[in-house]
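Model the full assembly from the supplied sequences, consistent with the hints where possible.
Number of protein chains: 2
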Amino acid sequence: MIKTKAYAAQNEKTPLAPWDFERREVGPHDVQFDILYCGVCHSDLSQVTNEWFPGLFPMVPGHEIVGRVVKVGEHVKNFKVGDLAGTGCVVDSCQVCENCKQNMEQYCLEVRTFTYNNLGRDGMPTYGGYSNTIVVREEFVLHISDKLDLAAVAPLLCAGITTYSPLRLWKVGKGHKLAVLGLGGLGHMAVKFGIAFGAEVTVLSTSPKKEEDAKKLGAHHFLVTTDPEQLAAARGAFDFILDTVSAEHDINMYLSLLRTHGVHICVGLPPKPAEISVFSLTGGSKILTGSGMGGIKETQEMLDYCAENNIVSEIELIDIRDIQKAYDRMHKGDVRYRFVIDMASL
Amino acid sequence: MIKTKAYAAQNEKTPLAPWDFERREVGPHDVQFDILYCGVCHSDLSQVTNEWFPGLFPMVPGHEIVGRVVKVGEHVKNFKVGDLAGTGCVVDSCQVCENCKQNMEQYCLEVRTFTYNNLGRDGMPTYGGYSNTIVVREEFVLHISDKLDLAAVAPLLCAGITTYSPLRLWKVGKGHKLAVLGLGGLGHMAVKFGIAFGAEVTVLSTSPKKEEDAKKLGAHHFLVTTDPEQLAAARGAFDFILDTVSAEHDINMYLSLLRTHGVHICVGLPPKPAEISVFSLTGGSKILTGSGMGGIKETQEMLDYCAENNIVSEIELIDIRDIQKAYDRMHKGDVRYRFVIDMASL
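Just so you know, the protein sequences line up as chains A and B, in that order. This note's numbering runs 543 ahead of the 1-based position in the first sequence. This note's numbering runs 543 ahead of the 1-based position in the second sequence.
Incorrect hints may appear among the rest.
Any copy will do: because identical chains look the same in the list, a pair fits if it lies in one copy or spans two.
Calculated lysine-lysine pairs in the BS3-like style (CA-CA distance at most 30 Å, straight line) [as the list claims (entries may be wrong)]: (1) Lys875 to Lys548; (2) Lys868 to Lys546; (3) Lys717 to Lys758; (4) Lys840 to Lys714; (5) Lys644 to Lys714; (6) Lys614 to Lys690; (7) Lys717 to Lys546.
By construction, these hints were calculated from the structure, which means they are not laboratory data.
The structure is reproduced here in structure tokens:
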């Protein structure tokens, strides 16, 4: 077994604190890499506080993980010691179901193991990236380019792929008007990808203060959703809305901003159900959909695309001892745009 | 002005009763046809009782209207006296907006006049098909084949096009597993179209008693949604669900029956918002959409398709004096599958 240092929550009420545990030995198909950086996703906060469902404790959050390979199993073909490596939200799937065969491991129909707060096929709990090292089955390890700032790459493993995947699925690009709802970790990546794919990007926000930030990120337009006049003027304006908001919000209002046959894509995960009037959908054949993460092949494609196009997350690097402070700020929306833990501080 | 006999509700609490009013004179672009049959749509009941929103009273419901032309305006080109004619849910639109130009008059971005319970561009209320004659702008009058039972054609003008249109939009056909939720006026038409388009059709119903009916209509399978075993076996089974239910129901449960990227299409109109968990959408990228009626060009295409393929509604012909009894039975779901008023009884 591999002695591992981490930060964990012992239950949903205690703050994260140092905790040691053991990871499995490196199996023949496993890659072990030492973690250099780990992004702090809003879902870390949701899970560690049982906002979605009762979690498995002790919990070591973190699924935006990058580092350097220190050991590989004897059958591992695509990684060697010294390589940069990354892991996102999923560390195992059946590999044989219809969805896995179509490179949608995140929607595996049999088993699907999340990077933390889950049980693996061996029945053991999984522990995430707020730790110094990790052992992952080769098929779920990503290659990371050395061209980009490694700390700023970490958030691509969740915030990046979660926004990239639906924009690709719906073929968002030139000629499309894309609205990005919420300008946080996911939202700012959606703006970057939307622009890279050629769409005309509008940031929708309740806060007029974010206009400057939105423009800095390259957004073409900014719309304050609390201003009735701006809202009225935008009725039917957008082909797509990418909704990154994890707090309660009125989706019906946003559906009214879509053109006929327009698509509202949820990637944020509010804990409570949304109240959707069927009239909001039938009037103009609006489409409401959601998307979860992305498959491994697509995640690699996204990482390669980012390396080619010089796309990374905007980050604030933190010491792991400041993780609770970071959670508090994230809870208040005070982050531009992703906290990333420098794991050297562990 | 044209003296017109009708059945109307004087307010949301009174039963329908005889009422006389005047329709506009036949203008240069108008067609007047005497109404032979009018279907009874669930939305007639919803509107006459203010279930959706406060209505305009006196209200003459009815938007599944067929009859024979008795007068045409001087500029009318496509209809002559003696022709069979029909009108559905919409009797006017701007004709120049982006949606109208794309033959989606039902989603007109400027003005859109419903056949009843609405104000026309002249500011006058519209009155529907529970009446002996109607005057409609030529562009909103449909040609009706004499090959089919005219009374059974009437429901095609709403129940028919409302189910035909989304099935065509989503290209439902061979190789697809289509579930039809609810076996009423819309549902039974959805079964007929689904089969005609080559899909494998399953009827979903809370009532095991409907199995025989479903099979008689040609459905390949039947699933009782109150049976947990049948539900569990059907997880991820369907490519499409066409949801015709106007009562409250848990859409999340139905989303779980869709395969990855599967599509749930609402055409029923529950008055209260549905509670949708975003997790139901993100887990498997499910699509929730709605569809309202269809455009005029597509309605004509549907009517022609039905004439070619011998498709009509299953109806129960009633005397207009029994309309309240029919409403009571419809409210209880006791109709196979559409009441049609024989207007000779007016």
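For each hint, the structure was consulted:
1. Taking the closest pair of Cα atoms, lysine 875 and lysine 548 come within 30 Å of each other only inside a single copy of the chain (29 Å); across copies the shortest separation is 64 Å, beyond that limit.
2. When the C-alpha separation of lysine 868 and lysine 546 is checked against a cutoff of 30 Å, the pair qualifies only within one copy, where the shortest distance is 27 Å, while the shortest distance between copies is 76 Å.
3. For a Cα distance limit of 30 Å, the shortest separation of lysine 717 from lysine 758 inside one copy, 19 Å, qualifies, whereas the shortest one across copies, 48 Å, does not.
4. When the C-alpha separation of lysine 840 and lysine 714 is checked against a cutoff of 30 Å, the pair qualifies both within a copy, at 17 Å, and between copies, at 28 Å.
5. Taking the shortest Cα distances, lysine 644 and lysine 714 sit within 30 Å of each other both inside one copy (22 Å) and across copies (25 Å).
6. With identical chains, the CA atoms of lysine 614 and lysine 690 are at most 30 Å apart within one copy only, with a shortest distance of 23 Å there and 77 Å across copies.
7. Taking the closest pair of Cα atoms, lysine 717 and lysine 546 never come within 30 Å of each other, the shortest separation being 50 Å inside a single copy and 56 Å across copies.
Hint compliance for this structure: hint 7 alone is broken.
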